[in-house]
Every structure is written in structure tokens, then in C-alpha cells.
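Trainee: Listed here are the chains, written in short residue letters.
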Amino acid sequence: MSTNALRVRRVRGKGAGLGLLAWLLGVAFFLPIAWMALTSFHSEQDAATNPPSFAAALTLDGYREFFGAGGGASPWPALINSTVASVASTLLVLLLAFPAAYALSINRVRKWTDVLFFFLSTKMLPAVAGLLPIYLFAKNAGMLDNIWLLVILYTSMNLPIAVWMMQSFLAEIPVAVIEAARVDGARLPTVLARVVAPIALPGIAATALICFIFSWNELLFARVLTGVVAETAPVFLTGFITSQGLFLAKVCAASLVISLPVLAAGFAAQDKLVQGLSLGAVK
Amino acid sequence: MTATTTAPLAAPETRTPVRRPSARLRAWATRAPLLPALIFMIVVTQLPFVATLVISFFDWNSLYPDARQFTGLDNYQEVLTDPDLRRSVWTTVLLTVAVVLASLVLGLVLALLLDRRFRGRGIVRTLLIAPFLVVPVAAALLWKHVLYNPEYGLFNGLLHYVGGPQPDWISNTPLLAVEASLVWQWTPFMMLILLAGLQSRDHQQIEAARVDGASDWQIFVHLTLPHLRRYLELGALLGSIYIVQNFDAVFTITSGGLGTANLPYTVYQSFYQAHENGLASAAGVLVVIGSIVIATFALRVVSSLFREEVSRA
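Chains as they are written, first to last, in this note's numbering: chain A, 1 to 283; chain B, 1 to 313.
Don't read these hints as lab results, they were simulated from the structure.
Predicted model, so just to flag it, every value in this text is computed and none were measured.
No residue lacks a Cβ here, since even glycine has one placed at the ideal position from N, Cα and C.
Hints may contain errors.
[Claimed, not checked] Here are the computed distance ranges between Cβ atoms for each label pair:
| hint | chain 1 | residue 1 | chain 2 | residue 2 | range |
| --- | --- | --- | --- | --- | --- |
| 1 | A | Trp112 | B | Leu176 | 33 to 39 Å |
| 2 | B | Gly213 | A | Ala37 | 17 to 23 Å |
| 3 | B | Ile42 | A | Asn50 | 51 to 57 Å |
| 4 | B | Leu176 | A | Val177 | 51 to 57 Å |
[Stated by the list, open to error] Straight line, CA to CA, 20 Å or less: simulated EDC-like cross-link-like pairs of lysine to aspartate or glutamate:
| hint | chain 1 | residue 1 | chain 2 | residue 2 |
| --- | --- | --- | --- | --- |
| 5 | A | Lys272 | B | Asp115 |
| 6 | A | Lys139 | B | Glu276 |
| 7 | A | Lys272 | A | Glu172 |
| 8 | A | Lys139 | B | Asp66 |
[Said to hold, decoys possible] Coverage of chain B stretches by chain A, computed from C-beta distances (three or more under 8 Å per stretch; other residues unrestricted):
| hint | stretch |
| --- | --- |
| 9 | 244 to 253 |
| 10 | 263 to 274 |
Given only the sequences and the hints, what does the whole structure look like? Please build it.
Mentor: What follows is the structure, encoded as C-alpha cells:
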């Protein structure tokens, strides 16, 4: 056997070993989620045994309990509130961010980088820094426990990310394409709707997904500013913080159901997720 | 709002042959699409912060609203000398540094592994991203009840099989328990950023180095790491910004008990439970000052990445 063939074999062997290591680590990271999923299908008795029962009978009781069959609070109002807050704020973000991104990438304002950095700097202002005045304002304006207050706050939370992402997507559109449309006599609204928007559509969709995920996940504002009526899904989950003993299957079912929209959105946009979260700096 | 933004936008297009619009008008037409977003951000984020700043100079407990009075810097003095608050500053630093460093190192290992071709790479990548996509409160509940519980948690369940001890994780090592759950959530994020960095390497350069006889380790130290430096910095800074502000994990896993209260949790508690508006605001302002220190550095790094991108374009 030639030394060359030997070397190839050794390299292949190492590659397989590292591939196996990657698989092991991947499974280890996923194990808590897999275990949560399995537990959610166990009866409360089987869920709370030590050592854990891997082969216990499967049941939908945890999910029935979560959806209020056992007389507990129904999660539907919270799920609907989260959907309203996330979808409405995402739409508002897109409505505000798209023109802004246009002004920062295609028809550029002067000092556009400074403006871009202003947006980013608001992201670095911790939420707690404005929480109290917002609470006092909401209390005086009678807007406590009102889902539309969350819509406005979530919009301000996601707008900087959306402006950054969208400007990086729009900046990739060749100027020549836009110029050509203009020469053909298209007015700006037409250019935006017929030329810019279709090219930027994947980017706009990714931006929307990220805004949706962040709004859906948010806890601090929702916890402080909502109560009975406008409670969101994460606030509903905090009801399980002190749950002891025989509610494990229900906790797991609740966590999974409430995470499902984010898991689905995140898997759908894996690559765009990094690009968005790193504010377009990583391609 | 769109109606008001699109109307001035059309201005430069509708110029008449008789008189060109002034430069000033054109500048406003360029600026107009930006204004709704800009004004919205200033009103919703900057005004409340100014209000926080003002409130921080008052002695104001919302249970005794009539006793409100100006106290100058007293709140700051109290915040800085309060042992609980000072401890929460330290907790915030420990939590942030530990989680960012651990998730960066783990993320780097995973990114290096995933950069290689192997069977099922796509599946492994998807498995690894999942922790980042669980709602943070749900993730914290998962760790608190399903993994850490001393009686029926998975960790002690697995230890049972090897005959190990059955510790009460959250009571014994509370801060570490919170950190571990956050490392689990943030490692995928670091991995994704570093993987993007690895895949943007110059492969010809690596091939050339290999032909010249460089070992894998030499290539890693002299080519890969320098290339990844800015991606590592970006991951560290973005991670810091989010983890400094962490509320969900601290609130859910320990409710700030056992020395795990970080600054956001402490601020939340001092106005939500103790109703000390002035003190909470002063603490909030201090959190902002701390964040500005990180942010100044962060902006510099992000802007260097960004400049490079602009010059490339």
C-alpha cells in the first residue's frame, strides 16, 4: 500500500471521529428538548419518577391539562394576546423600517451611517432604563393591561434591528436596476412596489420573522405592564415557576406549545437568523 | 403614516421644467421616509430614559406619593452603598462574563466541527440551533423543573444510573445553575456567527498553506483564529448586550434568590415590589452607564466590520 493511500485513510478516520463527536454534542444539546417532549406525553405520575421512566405509556393528558381541561386557567387568551402583539408590532415595524431603510440605503440621506448607529445605540439602552416612566405613563393614561401598549413597545424594541437588516438587504440591490426603472418613467412609489420590494422580499420576510420571535419571547415589559386581560404567553408560563410535584407533564406541554411558533419560524430562517441578530454584519 | 411619507418622496420626481426644487426641499424629500421611524424611536425610547433620569433625583415611594421630594444625588449614594445592590452589580458582571466566555468557547468548538463535511451535518446543525429557539421563559422552566429538580429531574435521574450523588443543583450552586441554562441557550447563537465566519475564509490561502506543509494546528492558529477575531468580538459584544439585560432566567429559575439577583432583576424588584421609584430609577441609570461602557466598545467593533463592508461594496 502506498503511503499516499495510508494518509488518505488516516485523514478519513479522523474525519469520521470528528463527525461522530459533532453528532454526540448535537444530541447532547438537543437532549433537554427531547426529554421535555417525551415528558409532555407522560402521565404526571410517570413524569415525576426517579430514575426517569423512558418507556412509560404515552398520553395526551399533559396537553389536555394545559388547555384547561382540569379546570385551570385557559391559555387561549394569552396565546391570542401574544399573537396580536407579535403580529401587529411586526407589521408596524415593517411599515416604519422599510421607508427608513430606503432613505439609508438607496436614496441616501447625508450622514446616513450616523443615523444607522443612532438606531443601534437605542438597542443598547437596557429595557429597565425606561420601564418606570412607561409604567407611570400607562397607569395615568389608563393603558395598563392593554395589549396595544405592548405593540408600541415591541415596535420600539425591534425597529432598530429591522432598520439595520433591511438597509443591508436594500443596499445589495444594484443601483442600475433602480435607475433603469426610473429612466423608463416609473415614479418612486412604483419603483418601491415593483422593483425594490420584490427583490428585497426574502430579506423583508427574514426581518419579519426575527421581529416576531423577539416580540413573542418578551417577558419583562409584559410582566410589568399587563395583568389579567392582556397577559401574554410568556407571562402565562411564569405561572408555572413555583409549580411543584405533579405538574411536570403540564409544564412541558405548556413550554412546548408556547415555543412552537418560534421553533417553526427559527428553523425556517436559520441563516437569516444570524444575519439579523448580528445586525447584518455577518453574511 | 405611510401617506405622509410617500407624498414628499414624490417631490423630486415631479419637478417642473420651469423651476427646479431648491436643494433644501430635496434634502427634506430625502429625509422624509426616515422621519417616522426616527421620531418613533426618540419618543418611545429616549423620552422615558430622560424621565428615568429626572425621577432618579427624587425621593419617591409610590406608596407615599405625597412625600415626593427632590434629593439630589442621595439615591445614587444609597444605591452605590447598598450592599445588596453592590452585590447585584458583581452578579451581573459574573453572569455576563461567564456566560459569554463559555458559550463562545463551546460555540467555537461546535462551529469548527460543523465546518467539516460529515454525514448528517444538516441534521446536527438543526439539533444545535434548537436551544436558541425555545422561548426563554420555557427554557428556564425546563432547566428549573425538568433538569435540575433534585427528586425527579433528568440530571439526578441519569446520575442515579451511574450511582452518583443526588445534589440539589439550584440550592447548591444557584448562580452556576442560571449560567448553565444561559450557556445552553446562547452557544447556538455563537456557533452560528462563528460558522458564518469560518465559511467566509479564503480556502485557496488555506490550501496554499497546506501545500507548504503547515499542520492543521498551525493553520488554525495562524490563519483561522486571526480571521475569526472580529467574529469572536461580534459574538462577545452582542451576547453581552443581551445577557447584561437578562431577566427571564434569573426571574424564573431562582426569582433572584440565593445571590443571583442581577441588576435588571434588582431594578424590577425595587420598583415593582418595594415601590421605590427614585431608587429604582437611580439603579436603572447606573445600568445604562454600565451598558454605555460596553456599547461604546461594541459600536467601535461593529462599525469596523461595517466600514469594511461598505468599502467592499
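Trainee: Does each hint fit the structure? Answer for all of them.
Mentor: Quick rundown of the hints versus the structure:
Taken as a hint, the range 33 to 39 Å is violated for the pair Trp112 (chain A) and Leu176 (chain B), whose Cβ atoms sit roughly 45 Å apart. Under the hint 17 to 23 Å, the C-beta atoms of Gly213 (chain B) and Ala37 (chain A), about 49 Å apart, miss the expected range. Between Ile42 (chain B) and Asn50 (chain A) the CB atoms are about 55 Å apart, so this pair conforms to the stated range of 51 to 57 Å. Checked against the given bound of 51 to 57 Å, the beta carbons of Leu176 (chain B) and Val177 (chain A), roughly 54 Å apart, stay inside it.
For the given pair, Lys272 (chain A) sits about 18 Å from Asp115 (chain B) by alpha-carbon distance, which is consistent with the 20 Å threshold. About 16 Å separates the Cα atoms of Lys139 (chain A) and Glu276 (chain B), which keeps this hinted pair within 20 Å; it holds. Simply put, Lys272 (chain A) and Glu172 (chain A) have alpha-carbon atoms about 15 Å apart, close enough for the 20 Å limit, and the pair holds. Restraint check: the Cα-Cα separation between Lys139 (chain A) and Asp66 (chain B) comes to about 17 Å, which is no more than 20 Å; the hinted pair holds.
Residues of the stretch 244 to 253 of chain B with a Cβ under 8 Å from some Cβ of chain A number 6, which satisfies the need for three, so the listed coverage holds. Residue count for the stretch 263 to 274 of chain B with a Cβ under 8 Å from a Cβ of chain A: 6. That meets the three needed, and the coverage hint holds.
The structure fails hints 1, 2 (numbered hints given earlier, in ascending order).
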